[in-house]
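Protein sequences appear in the order of chains S and W.
So for the first sequence, the working numbering puts the first residue at 1; every next one is plus one.
So for the second sequence, the working numbering puts the first residue at 288; every next one is plus one.
Careful: at least some of the hints might be erroneous.
Claimed, not checked - One side only, chain W facing chain S, incomplete, derived with CB under 8 angstroms:
(1) 304
(2) 309
(3) 317
(4) 325
(5) 374
(6) 397
(7) 401
(8) 408
(9) 411
(10) 524
(11) 527
(12) 545
Just so you know, these hints were derived from the structure itself, not from any lab.
We put the CB at the ideal spot given by N, CA and C, even for glycine.
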Amino acid sequence: MRSSPWRTALIGAPVLALLFVFLVLPYGEMVVMSFRTPANGAPYGDAWTLANYGRAFGDPFYLGVLLRTLGIGALITSLTLLLSYPIAMHLARVSDRWHVFFYACVVSPLLVGVLVRNFGWMIVVSFQGPLNQVLLALGLINQPLRLLFNLPIVVVALVHVFVPFMVLPITNALRNIDPSLYDASASLGAKGYETFWRVTLPLSVPGVLAGVVLVFVLAISAFVTPVLLGGQNIVMMSSIVIQQLIGVFAWPFGAALAMALSIMTIIAVSLLTLIMRPLMRRTARWS
Amino acid sequence: MKRPLRYLSGAVLALLYAFLLMPLVVVALASFSGGEVLRFPPEGFSFKWYARFFANESFLSALMLSLRLALVSAVTVSVLATMAALFYRRLPYRWREPFRILVIMPLLLPEILTAIGLLFFLYRVGLGSSAFGLQIGHIVVTLPFAFLSVAAALQQIDSSLEEASASLGAGTFETFRRIVWPLIRPGIFTGALFAFIVSFDMFTMSFLLKPIGGNTLPLAVFDYLKYDFDPMAAAAATLSVGFALLVVLLVEKTVGLRRAF
Chain S
1 MRSSPWRTAL
11 IGAPVLALLF
21 VFLVLPYGEM
31 VVMSFRTPAN
41 GAPYGDAWTL
51 ANYGRAFGDP
61 FYLGVLLRTL
71 GIGALITSLT
81 LLLSYPIAMH
91 LARVSDRWHV
101 FFYACVVSPL
111 LVGVLVRNFG
121 WMIVVSFQGP
131 LNQVLLALGL
141 INQPLRLLFN
151 LPIVVVALVH
161 VFVPFMVLPI
171 TNALRNIDPS
181 LYDASASLGA
191 KGYETFWRVT
201 LPLSVPGVLA
211 GVVLVFVLAI
221 SAFVTPVLLG
231 GQNIVMMSSI
241 VIQQLIGVFA
251 WPFGAALAMA
261 LSIMTIIAVS
271 LLTLIMRPLM
281 RRTARWS
Chain W
288 MKRPLRYLSG
298 AVLALLYAFL
308 LMPLVVVALA
318 SFSGGEVLRF
328 PPEGFSFKWY
338 ARFFANESFL
348 SALMLSLRLA
358 LVSAVTVSVL
368 ATMAALFYRR
378 LPYRWREPFR
388 ILVIMPLLLP
398 EILTAIGLLF
408 FLYRVGLGSS
418 AFGLQIGHIV
428 VTLPFAFLSV
438 AAALQQIDSS
448 LEEASASLGA
458 GTFETFRRIV
468 WPLIRPGIFT
478 GALFAFIVSF
488 DMFTMSFLLK
498 PIGGNTLPLA
508 VFDYLKYDFD
518 PMAAAAATLS
528 VGFALLVVLL
538 VEKTVGLRRA
548 F
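Let the sequences and hints guide you as you build the complete structure.
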């Protein structure tokens with residue numbers, strides 16, 4: 001439809017203005033802040049320095065937290081993928097009559113706040129909670145276990161938070177596969193697992209990549225779950241950053257730590273995309 | 288597939304779905320407990336924790352702030368997202384993808400980074416720790432959800448319908464009102480629902496930008512959980528589960544879950 005370019009520009013202006021002022025400028029402000037000097041009695045000083053980055057990447061403590069955060073992120077992403085793929089395969093071929101029910105199962109956790117879902121896990125693994133009761137009843141343990149405030153429960157809770165983010169893109173990729181490819185594979189004598197390995201899996205790579213990138217970025221920037229379920233024992237980058245910003249009011253250093261996290265994220269995501277690219281190119285003409 | 292294998296895969300799937308739903312079910316059941324402590328399975332059945340929740344000043348004012356933020360976000364973002372989606376459709380082809388990425392950027396970037404940037408920026412322009420600043424944060428983060436929803440609805444419209452309308456003498460506004468609007472209304476509605484629920488549950492942004500003396504419901508629950516572990520927190524949390532189920536139901540009725548995600 002033809003309409004005057006001025007009118008078109010007028011429709012776009014509010015959103016562009018909003019995003020420029022309240023998204024682009026704030027990120028710019030974060031970059032600027034990371035080069036400022038600290039000050040007493042104010043969040044930041046007037047002079048400029050590189051010392052914040054020196055400390056963020058040079059201090060073994062902060063570097064250790066950064067690397068550990070990336071490691072935990074990778075672990076969470078792998079586990080999420082492992083649990084999500086079967087669900088996505090099921091969801092992609094579930095009959096029309098049942099699809100609403102199973103979609104609702106996947107989507108409802110997504111729409112419930114992270115805090116609520118973490119709280120659910122707190123109840124499940126609490127000292128007198130259902131998990132301990134089941135283990136006691138089965139005779140696997142003699143006394144209730146302390147399951148809160150350690151790494152496994154943080155990982156489980158985060159995997160739970162991220163499964164829907166992984167399931168949805170993989171399901172979409174699987175639904176786009178031409179069903180005649182399965183018939184072709186079978187008629188050429190491939191067994192079920194061979195078809196999975198050589199047809200289904202390669203063709204779902206774009207969905208897997210989308211899910212993996214999304215979950216990894218979300219996992220390393222998670223804040224509530226490590227704080228609530230990990231307590232003081234599990235220190236991840238986000239809680240350190242927030243502590244610098246809210247706790248000690250060291251805005252420039254907090255900004256530099258946030259920038260360090262962003263830089264590492266960009267590097268990790270680019271590497272992953274580069275590794276997956278040959279596979280994507282090979283299967284592109286089929287999807 | 289062979290029968291034992293089918294049973295095995297069925298069992299694995301059942302476990303996976305149980306894993307997804309368990310924390311939500313546990314929270315909801317715990318909130319109806321009749322006992323004094325948070326225990327599972329809950330002792331007895333009662334609404335007393337809901338009664339206590341609604342009698343609790345700090346929870347109630349937090350709920351009001353959360354509802355207000357979510358409502359204002361949903362309305363503002365629906366208008367903005369509809370304009371953005373119409374703009375997106377009229378853009379020359381090579382500008383479309385960059386514009387789409389810009390609009391969904393708040394979804395792709397970690398919420399914590401956007402919140403930190405806004406914290407600095409709002410302080411710089413003199414809006415630090417203000418209710419307005421927090422509202423802005425919620426609008427920025429919920430915008431992509433509404434945009435994706437409206438843009439998907441708009442994509443379904445055959446452009447020949449608009450051409451037909453124009454060739455019959457309808458102006459731009461007339462065509463929008465009589466052709467485009469009725470067709471994208473479900474998409475706008477769905478987008479507004481998503482924006483509402485995302486804002487209602489938003490944590491990190493609210494944590495960093497919260498106004499002085501103002502708490503949202505997730506923040507109030509978080510503070511409460513630091514010192515108490517009783518079913519009142521479960522009652523507060525179950526409100527969020529209830530909203531989510533309501534949204535799932537409404538989305539399924541209007542556009543269908545499969546298309547919405």
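Hint validity - residue 408 of chain W Cβ closer than 8 angstroms to any chain S Cβ: Given a least distance of 4 angstroms, the restraint on residue 408 of chain W holds.
Hint check: 8 angstroms Cβ-Cβ cutoff, residue 397 of chain W to chain S: holds, 3 angstroms
Minimum beta-carbon distance criterion (8 angstroms), residue 304 of chain W to chain S: Holds. Min distance 5 angstroms.
Hint status (Cβ of residue 374 of chain W to nearest Cβ of chain S, threshold 8 angstroms): holds, 4 angstroms
Given hint residue 527 of chain W near chain S, where the shortest CB pair must fall under 8 angstroms: Holds, about 5 angstroms.
Residue 524 of chain W as chain S interface residue, shortest Cβ-Cβ below 8 angstroms: holds, 4 angstroms
Residue 317 of chain W as chain S interface residue, shortest Cβ-Cβ below 8 angstroms: Hint holds; residue 317 of chain W Cβ to chain S Cβ min 6 angstroms, cut 8 angstroms.
Hint status (Cβ of residue 325 of chain W to nearest Cβ of chain S, threshold 8 angstroms): This hint holds: residue 325 of chain W lies near chain S, its Cβ roughly 6 angstroms from the closest one there, short of 8 angstroms.
Given hint residue 411 of chain W near chain S, where the shortest CB pair must fall under 8 angstroms: holds, 6 angstroms
Hint check: 8 angstroms Cβ-Cβ cutoff, residue 401 of chain W to chain S: holds, 7 angstroms
Closest C-beta approach of residue 309 of chain W to chain S relative to 8 angstroms, hint status: Where the cut-off is 8 angstroms and the nearest Cβ of chain S is about 7 angstroms from residue 309 of chain W, the hint holds.
Supplied contact hint for residue 545 of chain W, tested at 8 angstroms Cβ to chain S: Hint on residue 545 of chain W: holds, closest Cβ of chain S at ~6 angstroms, below 8 angstroms.
Hint compliance for this structure: every hint is met.
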